[in-house]
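As you go down the protein sequences, you meet chains A and B in turn.
Each residue of the first sequence is one higher than the one before, counting from 1 in UniProt numbering.
Each residue of the second sequence is one higher than the one before, counting from 1 in UniProt numbering.
The hints are simulated quantities; they were obtained by calculation from the structure and are not laboratory data.
Heads up, a few of these hints could be off.
Keeping only pairs whose Cα atoms sit at most 25 Å apart, straight-line, the calculated PhoX-like set for lysine-lysine is [as the list claims (entries may be wrong)]: (1) A:336 <-> B:116; (2) A:617 <-> A:601; (3) A:336 <-> A:475; (4) A:465 <-> A:336; (5) B:116 <-> A:465; (6) A:494 <-> A:475.
Which stretches of chain A does chain B cover? Using the computed rule of at least three CB atoms under 8 Å from a CB of chain B, they are [to be verified]: (7) 250-259; (8) 639-651; (9) 684-696.
Yeah, the Cβ is synthetic: ideal placement off N, Cα and C, and Gly gets one too.
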Amino acid sequence: MPRTPRPTIVLVGHGMVGQRFLEELASREVTERARVVVLCEEPRPAYDRVQLTSYFSGRTPGELSLVDEGFMERHGIELHLGDPAVAVDRRARTVTSRAGLEIGYDTLVLATGSYPFVPPVPGSDSTGCFVYRTVEDLLAIEEYAGRSRVGTVVGGGLLGLEAAGALSGLGLETHIVEFNPRLMALQVDEGGGAALRRTVEEMGLTVHTGVGGKEITVGADGAVTGMALSDGSRIATDLVVFSAGVRPRDELARGCGLEVGERGGIAVDERCRTADAAVYAIGECARAVDGTVYGLVAPGYEMARVAAEAIAGSTGDAEGAGDAGASFTGADTSTKLKLLGVDVASFGDAHGKTEGCLDVVYSDSRAGVYKKLVVAADGTLLGGVLVGDAEAYGMLRPLTGSVPPVAPEQLVLPAGAGAPAALGPSALPDEAVVCSCHNVTKGTVRAAVTEHACTTVPEVKKCTKAGTGCGSCVKVLTALVNDELEAGGVTVDKGLCGCFAHTRGELYEIVRTRRLSTFAELLDGHGRREARGGEGCEICKPAVASIIASLAPALGASGYVLDGEQAALQDTNDHHLANIQRNGSYSVVPRIPGGEITPEKLIVIGEVARDFGLYTKITGGQRIDLFGARVDQLPAIWARLVDAGFESGHAYGKALRTVKSCVGRTWCRYGVQDSVRMAIDLELRYRGLRAPHKLKSAVSGCQRECAEARSKDFGVIATANGWNLYVGGNGGATPRHADLLAKDLSDAELVRLIDRFLMFYIRTADRLERTAAWLERIEGGLDHVRDVVVHDSLGLCAELEALMADHVANYRDEWAATLDDPERLRRFVSFVNAPGAPDPSVRFVAERDQVRPDLTLLSGPDIPVRTLDALEGSAAR
Amino acid sequence: MTAVTTEVTTETTTTATTPATAAAVAASGEERAAGLRVEVRADGGWAAVCRLSDLVPGRGVAALLPDGRQIAVFRDRAGRTYAVGNRDPFTGAYVLSRGLLGSAGGRAFVASPLLKQRFDLATGRCLDDDAVSVPVYAVRTR
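Sequences are here, hints too, so could you generate the full structure?
Following this line, the structure appears as structure tokens:
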């Protein structure tokens with residue numbers, strides 16, 4: 001019975017499941033008719049604990065957050081951070097927080113999660129011992145690892161391997177101690193465990209199985225020095241991480257007399273309610289009606305949904321009250337993970353416990369691949385284990401419980417060794433669950449296309465939520481959506497423009513393999529039929545010009561972008577080697593490599609600006625932009641700049657812009673490498689390189705990252721051992737932090753990797769697609785790009801490096817080349833029939849001691865323009 | 001809207017009988033074409049604005065008419081010439097001569113270098129906004 005007209009729901013715990021519960025409440029509008037209070041122990045709102053380890057590959061705690069900005073405010077939810085519940089009085093229906101808050105409730109939901117189990121090893125509370133559960137744990141480990149050499153992880157399960165990967169990534173010599181006879185004993189069988197062990201050992205980690213920690217030894221300062229094992233051996237280690245499983249946090253429930261399981265976990269019914277009808281428990285702290293405590297997020301989400309539905313029914317009006325359908329009776333524990341870079345998946349009856357079941361096993365120790373399927377006598381797929389190659393998981397899991405359309409041995413063979421080309425999603429029945437995080441069936445996905453008119457994968461994701469959980473189903477989802485679109489007769493035109501049915505990447509391949517050096521050949525031979533013999537358009541001409549420029553040395557084409565036919569393809573900026581501004585004047589940006597400039601050169605820039613009456617502004621890329629040059633002034637301005645040793649900054653091109661830097665070790669007391677030197681080297685190496693879009697870069701001299709390298713297309717951050725390379729960063733409207741591609745590189749390794757990365761991007765990106773968008777779009781994402789440019793999985797690296805070497809060898813400053821040639825200078829006139837006359841429409845007025853465009857000259861009265869106001873507000877005055 | 005005809009009076013020679021003489025005639029025709037004047041009709045007369053060789057196929061140039069008006073003159077791949085007002089009506093800037101020439105459905109257009117609106121070069125009509133157009137001028141080469 002509600003005690004007040006507006007009932008109070010108290011949620012204890014704000015983890016992944018807690019947040020999902022709040023979202024489920026909000027979507028049922030319970031937040032509008034009830035007061036919702038949340039007590040959260042951690043100092044930050046819910047974050048993606050599953051992706052916790054990605055903090056070490058560069059995700060910030062903020063990026064891990066699961067709470068949309070304004071979510072709490074929008075739904076009037078009161079969130080108390082850093083203030084856990086300490087007691088529940090069920091008779092009075094109150095919860096007391098550590099800070100002393102006493103909150104009355106009508107409904108109490110416990111989502112307290114679990115705590116890491118620390119085995120009772122003497123010394124386990126010493127300095128240098130950690131658990132692996134929260135962002136705060138990771139911050140502490142990272143800090144301590146900075147002064148450690150060797151790290152040991154106790155626990156070789158899923159979390160243990162993640163922790164080991166993190167320690168290894170922090171540069172520690174890493175040991176894994178597992179009590180069971182194999183790694184990931186819960187998920188994989190003996191064969192899978194052996195394949196996993198080999199791969200992990202090949203990465204330089206040491207694995208100890210079948211042993212436990214006996215004692216942790218400490219030095220005089222109380223800090224860890226080593227660990228004695230149950231077999232009598234000893235590991236000298238500076239740091240120990242306990243990651244040997246979790247236990248439900250059920251102490252609140254115990255404290256108020258609620259029933260808990262023998263091995264922990266708050267007992268709930270199929271609607272996630274405890275014996276007290278006013279108290280629910282969901283997620284890892286609950287023991288489901290099947291007696292299991294589920295430690296995976298998908299069952300937790302399902303419990304959140306079930307509890308929210310039950311609560312919506314009991315707090316709602318008449319119509320809601322009858323809605324009591326949802327129940328949670330157990331869940332699929334299939335998982336697919338990437339641990340230490342190894343794909344591991346298990347699904348269904350992975351251990352073959354079903355009566356009379358049979359195994360089909362494929363094992364290749366050399367490649368570290370192990371696959372096992374468990375099938376019933378009648379051929380029904382019951383489950384399986386995949387290690388090293390979990391590609392088939394997306395298809396196999398939904399097929400579990402049915403008889404696959406091909407023989408089971410064909411499902412485990414590697415591609416090209418007798419396996420069917422691809423077992424397409426057409427093989428799945430409509431009721432097969434494609435996305436197990438959100439329980440979305442193939443039928444639902446198909447309906448999104450056929451009934452809800454979705455035409456892209458992102459639209460389907462938004463419509464069905466499929467693929468928005470762990471993401472392991474996105475590949476199958478994409479194939480399914482494309483199949484459905486095709487079946488519906490929708491052909492998705494991926495063509496570049498009305499002239500070409502090819503994408504930019506395809507045109508690049510055509511130009512490269514057929515060695516075409518003119519736009520006309522490409523259009524007339526490979527354009528859409530109706531566009532052949534035509535002019536092309538404003539979209540394809542610059543795109544093709546860029547492709548030809550990127551490949552110029554290999555094609556035998558001119559490296560100068562304005563020679564011959566190429567001149568007709570370039571946007572006005574490239575055509576005039578300057579940036580057009582709103583009044584038709586241009587801006588000029590000389591290259592200032594790394595942002596380093598001598599006083600003499602600064603004075604030249606000042607004098608040029610003064611003598612030509614240019615507006616000057618410092619740019620974000622550590623250089624100086626000079627605005628307000630008429631087209632006929634550009635050669636005279638550049639003659640002065642080239643004389644003083646400047647060259648083009650390519651601010652006008654889809655090309656490398658700047659490589660920003662901090663002063664680095666030379667001056668800064670924190671710097672660990674010479675970041676300015678490296679920035680200058682990189683800027684000089686890649687200057688003039690034409691790309692699908694502009695390229696920005698930066699080099700920071702230490703982890704403080706003053707150069708903001710992670711907001712760049714390729715960013716370099718100094719470490720004590722060399723350089724870390726980050727790729728795919730972006731500022732602008734959709735900011736993205738760059739991802740770590742490789743770490744602790746030498747100068748030569750760094751340059752070689754950037755060479756490959758840039759050329760691979762140039763080769764495969766779409767028109768005007770920055771590296772950030774490209775990395776998000778390209779199939780396989782960062783992992784694929786790393787495979788290609790680091791591990792040379794496509795055998796392309798030598799070619800990519802050769803293309804870059806060609807570029808470097810053939811670079812010439814475009815402005816010097818222009819000034820040397822009277823023919824090339826002819827284009828720099830305002831009027832073809834009055835070469836000496838300045839353009840009278842380009843005028844300026846004074847503002848803050850400099851010039852700005854006089855826009856009143858541009859608002860001629862002669863042409864009525866309806867949309868002028870909307871497009872150019874100030875020009876309309 | 002002003003109706004516009006584009007007059008091209010370039011000579012064509014069809015009397016060649018052997019490949020060698022054909023090449024020679026083509027070369028001399030090319031030379032002669034390069035020396036041709038491009039004229040634009042304005043205020044009842046024809047004003048010479050440049051040589052045909054000043055025009056790069058697929059690009060434009062700006063020219064001043066005797067009364068000070070600015071025009072943008074273009075030449076396409078097929079050798080046809082066009083002239084429109086140089087002022088971009090969306091921004092007021094005199095920049096259309098610096099836009100890229102393209103074609104759609106066999107009709108040539110120029111895309112403004114500022115905000116990329118396209119204008120049909122034969123009619124002046126904006127292809128992205130029916131209510132907007134630019135003036136067009138008759139062109140001939142002789």
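Hint-by-hint comparison with the structure:
1. A:336 <-> B:116: At roughly 47 Å apart (the allowed maximum being 25 Å), residue 116 (chain B) and residue 336 (chain A) break the hint.
2. A:617 <-> A:601: holds, 16 Å
3. A:336 <-> A:475: holds, 13 Å
4. A:465 <-> A:336: Distance of about 19 Å is within 25 Å: holds.
5. B:116 <-> A:465: At roughly 37 Å apart (the allowed maximum being 25 Å), residue 465 (chain A) and residue 116 (chain B) break the hint.
6. A:494 <-> A:475: holds, 19 Å
7. 250-259: Coverage by chain B is violated for the region 250-259 of chain A (0 residues, Cβ < 8 Å).
8. 639-651: Three-residue rule not met by the region 639-651 of chain A, so violated; n is 0.
9. 684-696: With 0 residues in contact (Cβ-Cβ under 8 Å with chain B), the coverage given for the region 684-696 of chain A is violated.
Going down the numbered hints, you'll see the structure goes against 1, 5, 7, 8, 9, while the others check out.
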